[in-house]
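**Student:** Sequence:
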Amino acid sequence: MRLTMILLSALSLTACNNAVRFSPIEKMQSSLGAPENPVVTPELPPSAEPPIVTEPPVVVEPPVVIPPVVVEPPVVVPPVVEPPVVVDPPTTPSSQAVSESFQAPPASDKVDILVILDTTESMDTKLDKLAARFRDLTKHLSNLDFQVAVTNAGATRSSFWIHGHRFGKIMEFQSDSARRSILSSKDEYVDYYFQLTVGRDNFRAGEIRCEVQPYCMVPSPEPLAALVRSFNERQGANKGFFRQDAWLVPLIISDADENENGADLQFSVDSVIARFQQTLGSTMRGMAGVGIIVQPGDEQCLRAENSGLMKGGHYGHVLSDFARRTKGLTMSICDQDYGPGLERISDHIRELMTSVELKHEPLAGTLRVNISPADGVTWKLEGRKVVFSKPLPANARVDVSYRIGL
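Residue numbers for the sequence shown follow numbering that gives the first Met the number 0, beginning at 0 and rising by one.
Hints listed in this document are in silico derivations from the structure and should not be mistaken for laboratory results.
Keep in mind that a hint or two might mislead.
[What the hints assert, rightly or not] In silico lysine-lysine, DSS-like type, Cα no more than 25 Å apart, as pairs: (1) K389 with K379; (2) K379 with K358; (3) K379 with K310; (4) K238 with K310; (5) K128 with K379; (6) K379 with K138; (7) K168 with K185; (8) K379 with K326; (9) K310 with K326; (10) K138 with K185; (11) K310 with K358; (12) K326 with K358; (13) K358 with K389; (14) K168 with K128; (15) K384 with K358; (16) K138 with K326; (17) K238 with K168.
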């Protein structure tokens, strides 16, 4: 702006200088004097400064900044390298497939109850109380088609102590004029004859022949051995007792264990179960042992059983194991009323009629069950047992498959 104004001022001064210059003639005339007719030179206006023109301020626009173009680096796609195929060495499989099949027998709620009494001296006072503690047998088993028979726990290997031992043979019921050895739910006066027999009808040892009542037995009690011997009499003294399609319930009543203390056994629990399968397993539905015993760990009952003159109480370890292994149950011999226990037997047998037991426990989620005809039956798994929602249809087939760990 300042440079512009200086240039304008210089131009104005030059113009002024040019305006007042005289030619040589004019200078000569001036020196000779004015002529008559002077040349009138028009009067020039006084020199004047040209107006200062104020330029508007130059607005300098800010430069437009163009962002640089960012060039993306090329995308490098790594080559796909397939991992090498690793061939595992052959290994032993971690599980194994198992298949089993079951055939439901004809519809039945038949139960054969074999009462096996320990009639040794230490049981003397307990036997007197059995009649009262077994009140209303038929009432507690009213929903079952049952048979009941009685024998004692005598099955000694000794030829000297053989007196009074029944060796598994069932006996006649006391005071029964018909001299029956088997009573059923269809018979009259079942409770009366049963209570007379198991309660001794107030008799004592030696006052009646042991062939009629089992109250002359000498030590030691071996109820499991007597049970095995009873299988051998299925076509002899016990003919008609072991019914086809019935459940066998050995009901053992003892204040001791097998052979008193559970040692030196004629038959282990495994061998008793095997003998049942060999002799009756193909015709009967199964076996569920029940023990009225001194339950293992019940110190109060054990003290009570050893408080009298005839001591001889022992925990029933082997007998308890027999009940457990055959999916049965136990109750205390010290209970004052066996009625609730009998009702448990009834309920338990009904439960057994609605289940099958597998050989192995399946791995979680691997069990498949096919029931034909199904008839709306559902199932659930409890350990090794498949429990059905209701009794299976008669002759139904059950096919199961599952896996077990190795």
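**Student:** Does each hint hold? Answer for all of them.
**Tutor:** Quick rundown of the hints versus the structure:
no.: 1; hint: K389 with K379; verdict: 11 Å, holds
no.: 2; hint: K379 with K358; verdict: 16 Å, holds
no.: 3; hint: K379 with K310; verdict: 46 Å, violated
no.: 4; hint: K238 with K310; verdict: 37 Å, violated
no.: 5; hint: K128 with K379; verdict: 42 Å, violated
no.: 6; hint: K379 with K138; verdict: 31 Å, violated
no.: 7; hint: K168 with K185; verdict: 23 Å, holds
no.: 8; hint: K379 with K326; verdict: 17 Å, holds
no.: 9; hint: K310 with K326; verdict: 31 Å, violated
no.: 10; hint: K138 with K185; verdict: 13 Å, holds
no.: 11; hint: K310 with K358; verdict: 42 Å, violated
no.: 12; hint: K326 with K358; verdict: 14 Å, holds
no.: 13; hint: K358 with K389; verdict: 22 Å, holds
no.: 14; hint: K168 with K128; verdict: 24 Å, holds
no.: 15; hint: K384 with K358; verdict: 9 Å, holds
no.: 16; hint: K138 with K326; verdict: 23 Å, holds
no.: 17; hint: K238 with K168; verdict: 10 Å, holds
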